[in-house]
Amino acid sequence: MAKPSFLGLLLIAPALIMIGALFLYPLGFSLAAAFTEPGGGLSLTHFQKAYELYSTDILFTLFIVVVSTLLTGLFSIVIAGILTLSETPWLIATLRNLYRWPLFIPFIVAAQCMRTFLAKNGLMNNSFVALGLMEPIQTTSFLDWRGIIITFVWKQVPFVTLMLAGAMASIDRATIEAGRNLGASRLRVLVELVLPQVAQTLLVGLVLSFVTMLSVLSVPMMVAGSQPTMLTVDMAFRINSYGDYATANALGVISYFMAGTVAWIYLRHNVKREVQA
Amino acid sequence: MSGKSPSPPMSAALDLQRGRSTVPPTSVANARVWALGSTALKIAGLAIFAFLLFGPLANLVLWSVAERWYTPFKLPVSYGLRYWEVVFRPTGDAMSSLATSVIIACLTVVVALAVSIPAGYALARLKLPWRTALMILFLLPQAFPSVAIYINVARVFYSIGLTGTITGVVLVHAAHGLVYSVWIAAAAFAAVDRDLELAARNIGASPLRAFFTVTLPLAAPGIMASAIFVFLESLDEFTGTFFVGVPQVTTLPLLLYNASMGGNYQIASITALILLVPSVLFMIVIERFLKADVLSKVGQ
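Taken in order, these protein sequences are the chains called A and B. Under the working numbering, the first residue of the first sequence is numbered 1, with each subsequent residue one higher. Under the working numbering, the first residue of the second sequence is numbered 1, with each subsequent residue one higher.
For the record, the hints were derived by calculation from the structure and aren't laboratory data. Please note that the accuracy of each hint is not assured.
[What the hints assert, rightly or not] Dumping the calculated SDA-like pairs for lysine to any residue here, alpha-carbon to alpha-carbon at most 20 Å:
id: 1; chain 1: A; residue 1: K120; chain 2: A; residue 2: T140
id: 2; chain 1: A; residue 1: K120; chain 2: B; residue 2: L62
id: 3; chain 1: A; residue 1: K120; chain 2: B; residue 2: V77
Bear in mind the structure is a predicted one, so any value in this text is a computation, not a measurement.
Construct the entire structure; sequences and hints are all you get.
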């Protein structure tokens, strides 16, 4: 079986054609639309226009996605850490059954939940008022950048935690026991012994979350309607209101660039790891 | 917002630690207070976590049975199932959206499996050039900011008359779901014991017969899992349908979006609950379908 199997190529061809027609071709289309000027030559004029109109939204998008990714990482580490290191069986069992719930909940359903939950008179503020933590007059709506971040974190933490807890469960328990026996606190064991061994999994989970959050249209549209907003909403607006494909695609290329940067960080980390190994 | 952090149990653990080192071992009463305090903190932490996890869902359920709810009332003014009747009325928008969604999801599964069972088998068993690159190619539609892709798909589809058609939406959903169906199918085929195929061939089965009577049935649970993934992905898909399906194709997520933006929270919440049912069911049964031996081979 030295030479590639003709049958194999034949079997995989339909799937490849599908990816080519429905992903690679539109991708080329978007690059072409973003970089060519009406006359036909290459130019960056669309990027200039995109930057003039949407520079705030570009920064806003970056801010939302970076903060959400970092918070997702933090909460996932805490939950997975408790699942791995806690010595209270009932705590582990309860947490394990709780944290996974949002895992397969669609973004649009999460957005609708948060749209009501985080509103000025939503269940969250109402609960705080009922518990006496807050006066009705003090309540504020969270339906802005905070709402987007909360929704993203709520939705992505179970996914990253699932990956992370799986990776933590498969590391050698002896290293943890050794650290504990030498008197290290659980927090120190988590940070210095467990995390370095699962860093790869954490990074994969966070990179996937980053790109996912960059692509979601429903959450910024439904959770925070006003300006500033995320690039996905701007793209939809450019298309639906003006049929302006050039600027929309320039914004698209900017979002590819953001996703590409994270992918590059991931690959560089991988290469470094392989060189060390 | 940071209340989501279940840090109280963590700090409880630390407190316990500190307590151990500062309190003399003879002071049993003191230790008991520490233990109680730590348990109380753990329970409080879990309660906050559960509130943040289920609060949004509880709000959704409340809205679905609220007939009237306005400020300053903390809970609905009157409850009832009137809006459920509106949604489940056979002639209503919701039922036709549900039907559209299910038809699209089923067709998407058929299309995705039709291309990914052969592709998965080839990736698992046959020699292919640049195998890793091919695997990554299927991941790309998921790993790319998809809005920019969909607006161009919509543009291409418009020129060939596929926008606003079920076919167009099914194609978009299937391409998006290919990473699940191809990767999981490849893993499922890779997990089938090669000796069993060889045994079938040795007693005279043709390659095709060995595939259909031995390999495919053994890989079936994994392929079933990938089918469920693709089905759910299609059922929940919003962005692609938003660009390619409008205005003729209204799936449940689009109905939810329109109802919610129109301020009709009852209809939006009931639609959201309908979408939740398959998602939650899947979360509960996923481990039954995706066995560890298949999971360990996904993406390889």
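- Item | Unsatisfied constraints (hint numbers, rising) | No hint contradicted; all consistent.
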